[in-house]
Amino acid sequence: MSAVMLEEIEMEGQASQFANRKNTFFLALRGTAAEDSENLQEGDVFAITEGVDVEAGDMVVWWTGVARTLALARVQEDLSFKGVGGFPPPSDEQPAKVRGVVVGRLRQFGSNGDSS
Amino acid sequence: MNFADRTRSILHVDLDAFFVSVERVLDPRLNGRPVVVGGPPEGRGVVAAASYEARQYGVHSAMPMGQALRLCPDLVRVGGSHGMYSRASKAVFDLIGGYTPLVEKVSVDEAYLDLSGTHHLFGNALDAADKMRREVKERLRLDLTVGASSNRLVSKVASGFAKPCGLFDVRPGQEPRFFSPLPIKVMPGIGPVTAKRLHDFHIDELGVLASTERWFLEEVFGSYGPSMQRRAHGVDETPVCPPWERPERKSLGHERTFAEDTDDLKVLRGRLQRLLEQSCAQLRSEGLLARTLSVKLRYADFVTETRDLTLPQPSDHDLEWWEVAEQQLERMLKKRRTLVRLLGVRFSGMERGFWQGGLFEQERVVQRGRIAVLDKIRSKYGEKAVQSGDRLWLRNSR
Numbered sequence: 008m009s010a011v012m013l014e015e016i017e018m019e020g021q022a023s024q025f026a027n028r029k030n031t032f033f034l035a036l037r038g039t040a041a042e043d044s045e046n047l048q049e050g051d052v053f054a055i056t057e058g059v060d061v062e063a064g065d066m067v068v069w070w071t072g073v074a075r076t077l078a079l080a081r082v083q084e085d086l087s088f089k090g091v092g093g094f095p096p097p098s099d100e101q102p103a104k105v106r107g108v109v110v111g112r113l114r115q116f117g118s119n120g121d122s123s
Numbered sequence: 013m014n015f016a017d018r019t020r021s022i023l024h025v026d027l028d029a030f031f032v033s034v035e036r037v038l039d040p041r042l043n044g045r046p047v048v049v050g051g052p053p054e055g056r057g058v059v060a061a062a063s064y065e066a067r068q069y070g071v072h073s074a075m076p077m078g079q080a081l082r083l084c085p086d087l088v089r090v091g092g093s094h095g096m097y098s099r100a101s102k103a104v105f106d107l108i109g110g111y112t113p114l115v116e117k118v119s120v121d122e123a124y125l126d127l128s129g130t131h132h133l134f135g136n137a138l139d140a141a142d143k144m145r146r147e148v149k150e151r152l153r154l155d156l157t158v159g160a161s162s163n164r165l166v167s168k169v170a171s172g173f174a175k176p177c178g179l180f181d182v183r184p185g186q187e188p189r190f191f192s193p194l195p196i197k198v199m200p201g202i203g204p205v206t207a208k209r210l211h212d213f214h215i216d217e218l219g220v221l222a223s224t225e226r227w228f229l230e231e232v233f234g235s236y237g238p239s240m241q242r243r244a245h246g247v248d249e250t251p252v253c254p255p256w257e258r259p260e261r262k263s264l265g266h267e268r269t270f271a272e273d274t275d276d277l278k279v280l281r282g283r284l285q286r287l288l289e290q291s292c293a294q295l296r297s298e299g300l301l302a303r304t305l306s307v308k309l310r311y312a313d314f315v316t317e318t319r320d321l322t323l324p325q326p327s328d329h330d331l332e333w334w335e336v337a338e339q340q341l342e343r344m345l346k347k348r349r350t351l352v353r354l355l356g357v358r359f360s361g362m363e364r365g366f367w368q369g370g371l372f373e374q375e376r377v378v379q380r381g382r383i384a385v386l387d388k389i390r391s392k393y394g395e396k397a398v399q400s401g402d403r404l405w406l407r408n409s410r
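Just so you know, the protein sequences line up as chains B and R, in that order. Quick note on my numbering: the first sequence kicks off at 8 and runs consecutively. Quick note on my numbering: the second sequence kicks off at 13 and runs consecutively.
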């Protein structure tokens, strides 16, 4: 079971049109995510819009401060952040510095029907 | 600005390269090869569906078959079986109907589903869509692409992003952010003419359209301007309409272009009869009666002529329409004396209801019984299972 991480990728086809601005991009999930209500799977691709304007219920990506690493978190009702899929939650030592908001999630499947 | 109704959960499902996929289930030797479904090039055939392998050569739907074969010499052409596609489509939608009764089928391979309130049964929309996609793949060996969001418009665009064989879920409340960087042409309802006009005003992205002054859009596009702007925010309140909630149809019809232009009355009569049979069967299946029939002829010189006929009582009975339609066809042909390229029929003046025979209309009642039997045979064995004598002339005319 490999550690979960996010990697910036370029998309092809119609989806690439989302990332035609400097402030929109895609992140792919690498490694095995912990099970939770978000049900993240390896290979899931997140469409992100840069910005710090967040609301309760949003999923965000934030800088962990360690070697330009990004993590996913969900914004709670009290606007605190909760880690999802095995990503650590922000802490006093590692406060959340939001990079962007998750707009959507793409999951593609191989011809055998499995997630690819 | 965020108008999204976060409580709705709408899916747009689309069967990938549907006709080709069905052919591949029937003949796995087609897997991995560039395949098209459509008529032969010598008969003015066009591409009805193309596999992703064929699309890499620039082949696409509605392209003349001759052109497709020139672009991709290794192209495998399959004639297609619409009866088989209808049965495969029904099997898919029967399965999908197990997830929600609110299914609006928009074509043989595309539908909208409202999954709002089904969270406790199937999990969130993404999980439900995932289960549905796997079930379709396992049971029918067909690939489903799914777009999910809080409304139809955004889900339709999202499914375009997920092709082929994927799933794109736009998070609730993120619809405006999702739409903002997209080129305006991705939004359903914006055609090339509107896109060109918007481009002339440097409006090339949905985000720019969403933030343009409303009065300006109203000035340039009339009432369509503000509606277009609202949609550019990712807002669409259109409900998913299952068949029993669908608004009444205003018209219904079919038309056919001949393989070769013709003035052969037997061929034209045969085609007219077939078009009437198809259209009347559709009227009956939808529980509709029509008062007016339009017969359309397009001649070899591309001049198009349409004549309307009205019966005293609305009808869904092809034999009742046949007599007047046949007379009208002959009148039109005598008047112009030019080869015919296309023949079409269209019913309008619709009323909901089923034909009810009168007390002294025994012969018509018997005829109705025959038609009901024919409808059953055709729905089970295909449209060509039972044909009238006149239609046999068409065999040599395609």
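One should not assume that every hint holds.
What the hints assert, rightly or not - Simulated pairs of lysine-lysine, DSSO-like, Cα-Cα distance not exceeding 27 Å:
#1 R:197 to R:149
#2 R:347 to B:29
#3 B:29 to B:104
#4 R:175 to B:29
#5 R:347 to R:308
#6 R:347 to R:278
#7 R:175 to R:117
#8 R:197 to B:29
#9 R:278 to R:346
No lab work stands behind these hints: they were computed from the structure.
task: Give me the numbers of the hints this structure contradicts, sorted from smallest to largest.
output: 1 and 2
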